[in-house]
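**Q** For reference, the chains in residue letters:
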Amino acid sequence: MLEFSKMDTISVKNLVKTYQVFKKEPGILGTFKSLVSRKYEKVKAVDDISFSIKEGELVGFIGPNGAGKTTTLKCLSGLLYPTSGEISVLNFKPWQRKRQFLTNISFVMGQKNQLWWDLPAIETFLLNKEIFEINDSQFKKTLGELVDLLDAKDILNIQVKRLSLGQRMKCELIAALIHLPKVLFLDEPTIGLDVVMQEKLREFVKSYNKNFHSTIILTSHYMEDVQNLAKRVIVINFGKIVFDGLLTELVKKKAPYKLISFMERNKDNFVKIKKLGKIIEQDFPKLTIRVSSKDSNRIASQILDNFTVEDLTIEEADIAEIIREVFEKSKK
Amino acid sequence: MKKYWQIAKITFSETTAYRLNFVMWRVRVVLQLLTIYFLWQAILPRGAKILNYDHSQILTYILGTSLIWSFVMASRSQSIADEINSGSLSNFLIKPINYFSYHFFRDIGDKAMNILFTAVELTLMYFILKPPIFIQTDPTYLALALISIFAALCLHFFINFILGTIGFISPEIWAPRFIFFIVIGFFAGSYFPLDILPANIFAIFKFLPFTYLLYFPLKVYLGQLPLEETIVGIFTTFIWTAVFALIANLAWRKGLKLYTSWGK
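Chains as they are written, first to last, in the working numbering: chain X, 1 to 332; chain F, 333 to 596.
Think of the hints as simulated: they come from the structure by calculation, not from any bench. Just so we're clear, the structure is a prediction, and the values are computed from it rather than from any experiment. One or more of the hints may lead you astray.
[What the hints assert, rightly or not] Below, in silico cross-link-like pairs of lysine-lysine (DSS-like), each with a Cα-Cα straight-line distance of 25 Å or less:
(1) X:K98 - F:K334
(2) X:K23 - F:K341
(3) F:K589 - X:K112
(4) X:K252 - X:K278
(5) F:K334 - X:K140
(6) F:K335 - X:K98
(7) F:K335 - X:K140
(8) X:K200 - X:K161
(9) F:K341 - X:K161
(10) X:K141 - F:K335
(11) X:K98 - F:K381
(12) X:K161 - F:K335
(13) X:K93 - F:K586
(14) F:K589 - X:K93
(15) X:K13 - X:K54
(16) X:K200 - X:K140
[Claimed, not checked] One-sided and incomplete, this derived list gives chain X residues near chain F with beta-carbon spacing under 7 Å:
(17) E57
(18) S77
(19) Y81
(20) L102
(21) T103
(22) F107
(23) Q114
(24) L119
(25) E123
(26) I314
(27) E315
We treat Cβ as the ideally placed atom computed from N, Cα and C, and that holds for glycine.
Please model the complete structure; the sequences and the hints are all you need to start from.
**A** Here it is as structure tokens:
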């Protein structure tokens, strides 16, 4: 086996990916016009991004729809040729799609399945066993472990199309991980799943990362996914990296404030208190104000000393809220 | 290699995933053969020679082309364009698997099932109807016929693959496929035996690849070609196969650069 531990598992330098799309004017006239002459436009899906990821890291990739997350993952997994820039994954150039590279990666797309629709999932696993040339005992061992982790024993022999979305996602994950990839790309794995299943999947990804020491990049719309799983996040918008660092750093940097919530039953006091911070929510007698992080303790004790408030709590700012602000600010 | 047999096997079992669907497939195949059989049985004058073919030969030709058509042309690889356009091609690209071989062995699995059942059905029909068709008994001709059918199958596979790669540049490939099948039907001899054409036109046809999809394997089966011509024909088929394989490979490489993995 190759040894990568000293180097970055994934490194991306000045990656650019442009798509060519053609623009059509609306209406019948536009339809005929587009038949004769087409206006093509180049759209930069990924615009000069660079980052690197070490072995065993679990990184969250976040950004609104169309930010370039999936395009980046597709470039990293070798599905797309980069327009320019350099990519190295496990010391391979992904687009060459070398055997050694392909046997060590996996890409789970939440909205696309690889399972054979009309057959039980176990058939796909067996096919993947042959494709990745896994020997019998290793296959049995891995399958057993994955099935245990996902609690999927009873669904392996059921025709895939009869499975629920959650069950199918479990099987998708088994199919994607049966060869124990060193690098795993998860593109919105929790999409469409209920809260319980989301939680289970998060647990699974966490333990897979830990048990097999694999490098994982995860994209998700659900902040909870990222919050629970990734220490490091890369925020991307309009094809550019807006932030790359620890989630806690992001909070500190982008949201140096906390939320103080309490009940104040005295109407006069209620009005006075409001002046201490920015009002986030007010529904008499409940009030939530926003104050800067470093002043939070001082203001909280000030409130407790001077007013007759109940149920006072100090909370970190909501991650989703922060991210939204980051996106708003990075708009062109 | 084992992986590709697994693909053939899993395709084989996939064809029987829906029992009703499977039964209807077989009923369709049998009905089609029976319809053609009874129609031509009624039309063809007994005893008389038409187009230089006697009654049983022309009947064999017509039934034979329909049968070979169902082996050679019926193909899973029609889904290539769909896979490109729906983006499910991505599932193959991220695996250490050859996409050509994947589809080839999928075809093998599918055809194995088709041939297995057709053999049973044909035997049954033969004993029930006792049709006046020509049964080749010379093992040399039988073997050569099998080889030429296999060659035709390979040739068709690559032609079909090239048509599939149109999916890289256009989301709609129904039109080229339709045109192709009309043309192929004519040039391959599914409408009439090609040797009834004027000699000089037929000579041109012999250089085209399509002749070798239907007409040629059947002529070999009927034992109507001299051995020398048969060998040359089989070689021609393989040369055309190599040419189309090369083009398919080129189209595939070019296409991958255009591939955008749309469709989420």
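**Q** Of the hints given before, which are not true for this structure?
**A** 2, 11, 17, 26 and 27
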